[in-house]
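Peer 1: What follows is the residue order along each chain.
Number of protein chains: 2
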Amino acid sequence: DMEQLFSKTLTVSVRTRDCEERKSSIRITVDQSTTSAHKRSLCVKLTDDSDPYFLFNLSISEEDFQSLKVQQGLLVDFSSFPQKFIELLNLCHSEQDANCPRFLLQLCSQGPAPEGLSTLSVVETNAFKHLNHLSLRLSPGSDRDVKDYLASCLARLKEDKDALELRLKKTEDDLSRQLSCTQQ
Amino acid sequence: DMEQLFSKTLTVSVRTRDCEERKSSIRITVDQSTTSAHKRSLCVKLTDDSDPYFLFNLSISEEDFQSLKVQQGLLVDFSSFPQKFIELLNLCHSEQDANCPRFLLQLCSQGPAPEGLSTLSVVETNAFKHLNHLSLRLSPGSDRDVKDYLASCLARLKEDKDALELRLKKTEDDLSRQLSCTQQ
Chain A
1 DMEQLFSKTL TVSVRTRDCE ERKSSIRITV DQSTTSAHKR SLCVKLTDDS
51 DPYFLFNLSI SEEDFQSLKV QQGLLVDFSS FPQKFIELLN LCHSEQDANC
101 PRFLLQLCSQ GPAPEGLSTL SVVETNAFKH LNHLSLRLSP GSDRDVKDYL
151 ASCLARLKED KDALELRLKK TEDDLSRQLS CTQQ
Chain B
1 DMEQLFSKTL TVSVRTRDCE ERKSSIRITV DQSTTSAHKR SLCVKLTDDS
51 DPYFLFNLSI SEEDFQSLKV QQGLLVDFSS FPQKFIELLN LCHSEQDANC
101 PRFLLQLCSQ GPAPEGLSTL SVVETNAFKH LNHLSLRLSP GSDRDVKDYL
151 ASCLARLKED KDALELRLKK TEDDLSRQLS CTQQ
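Chains A and B supply the protein sequences, listed in that same order.
The opening position of the first sequence corresponds to residue 1 in my numbering, with each subsequent residue numbered one higher.
The opening position of the second sequence corresponds to residue 1 in my numbering, with each subsequent residue numbered one higher.
It is worth saying that the hints were derived from the structure and are not from the lab.
Among the clues, some could well be false.
Identical copies carry no separate label here, and so any pair may be met within one copy or between two of them.
[What the hints assert, rightly or not] With a straight-line cut-off of 27 angstroms between C-alpha atoms, the simulated DSS-like cross-links for lysine-lysine are:
| no. | residue 1 | residue 2 |
| --- | --- | --- |
| 1 | K169 | K23 |
| 2 | K158 | K8 |
| 3 | K169 | K8 |
| 4 | K23 | K158 |
| 5 | K39 | K129 |
| 6 | K8 | K161 |
| 7 | K84 | K169 |
| 8 | K158 | K170 |
| 9 | K84 | K158 |
| 10 | K169 | K158 |
| 11 | K45 | K161 |
| 12 | K161 | K84 |
| 13 | K169 | K45 |
| 14 | K170 | K39 |
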């Protein structure tokens, strides 16, 4: 069972190993999945609407969260973590068009560009320093992950296209009906 | 360098190992590619517009063709093979809605459904027997192949959708302009 908690396109500052930095529009999706044994896990997915091959993901189980909590000194528990994470993402989203955004998303890739692990960080910048609120290590999607992601994009896009075709048909019908009314 | 020679949706009689047989609409694409060393090869691709994961392909180099020629007693050479193959596909296409099509495409899978090799055959049925005109052994696409195929589908569908959106916009503008003309 899968529930989508968040899906927005956010401005992310992407840093690759050779130190170049650029702003990218990256879609961040947060899903909560529950297995049949009532085990919950949180899935974080980064995709790029303009690059079908771009996919990073991370699945956080309750056990994964315990070590993340210790490592990063988090004070929330697993059940309230998703909400806090989404609050941080929304803070970044609300400030992303500002000149000097106080909250910023950074994606730093450790290895060579497409293969290595990448770290997504929520960074607050104040007058004194950069404060790291959260860092998550994401893995690049495998061929199979990307395949599944693209198949779901394709299905959604087909639905959109079918809906558009219906709307166009209806608009054309309206047009010709109204025209014939006028000409009578 | 890649040139598309053929791409049509054809009715194929699909047989899996457990002997069930069903008719499927399968897109067959034939491309000719030329490498920088002027080596040509023929690429045959089977896809299913309703199943994003369905992909079989075969690449035939000039050397591959020589053994195919011997095995199946072909009388044409590599340069005229594509045209002859496409003639056979068009024969199947022209007869596919007939009650008893004389030419028929068969796809038989040897192994377990998604993994194994499959054989695509062009079979003529006359009053006396089934005549096998050509059999090609296709491999199921890897995750990477399917990924690339889906990315190209997605790009094409996006173009279609953008074109539809433009047309809808134009039709709506036309409608409101004609309406305002009428009301004056």
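Peer 1: Hints first: check each against the structure and report whether it holds.
Peer 2: Hints versus structure:
1. K169 <-> K23: neither (40 angstroms within a copy, 31 angstroms between copies)
2. K158 <-> K8: The answer is both: 21 angstroms in one copy and 20 angstroms across copies each meet 27 angstroms.
3. K169 <-> K8: The answer is between: 26 angstroms across copies meets 27 angstroms, while 31 angstroms in one copy does not.
4. K23 <-> K158: between (30 angstroms within a copy, 24 angstroms between copies)
5. K39 <-> K129: neither (39 angstroms within a copy, 60 angstroms between copies)
6. K8 <-> K161: Both: 21 angstroms inside a chain and 21 angstroms across chains, each within 27 angstroms.
7. K84 <-> K169: neither (45 angstroms within a copy, 41 angstroms between copies)
8. K158 <-> K170: both (18 angstroms within a copy, 21 angstroms between copies)
9. K84 <-> K158: neither (34 angstroms within a copy, 35 angstroms between copies)
10. K169 <-> K158: For K169 and K158, the Cα distance is within 27 angstroms both inside one copy (16 angstroms) and across copies (19 angstroms).
11. K45 <-> K161: both (25 angstroms within a copy, 25 angstroms between copies)
12. K161 <-> K84: Neither: 36 angstroms inside a chain and 37 angstroms across chains, both beyond 27 angstroms.
13. K169 <-> K45: neither (36 angstroms within a copy, 33 angstroms between copies)
14. K170 <-> K39: neither (47 angstroms within a copy, 51 angstroms between copies)
Checked against the numbered hints given earlier, this structure breaks hints 1, 5, 7, 9, 12, 13 and 14; the rest are met.
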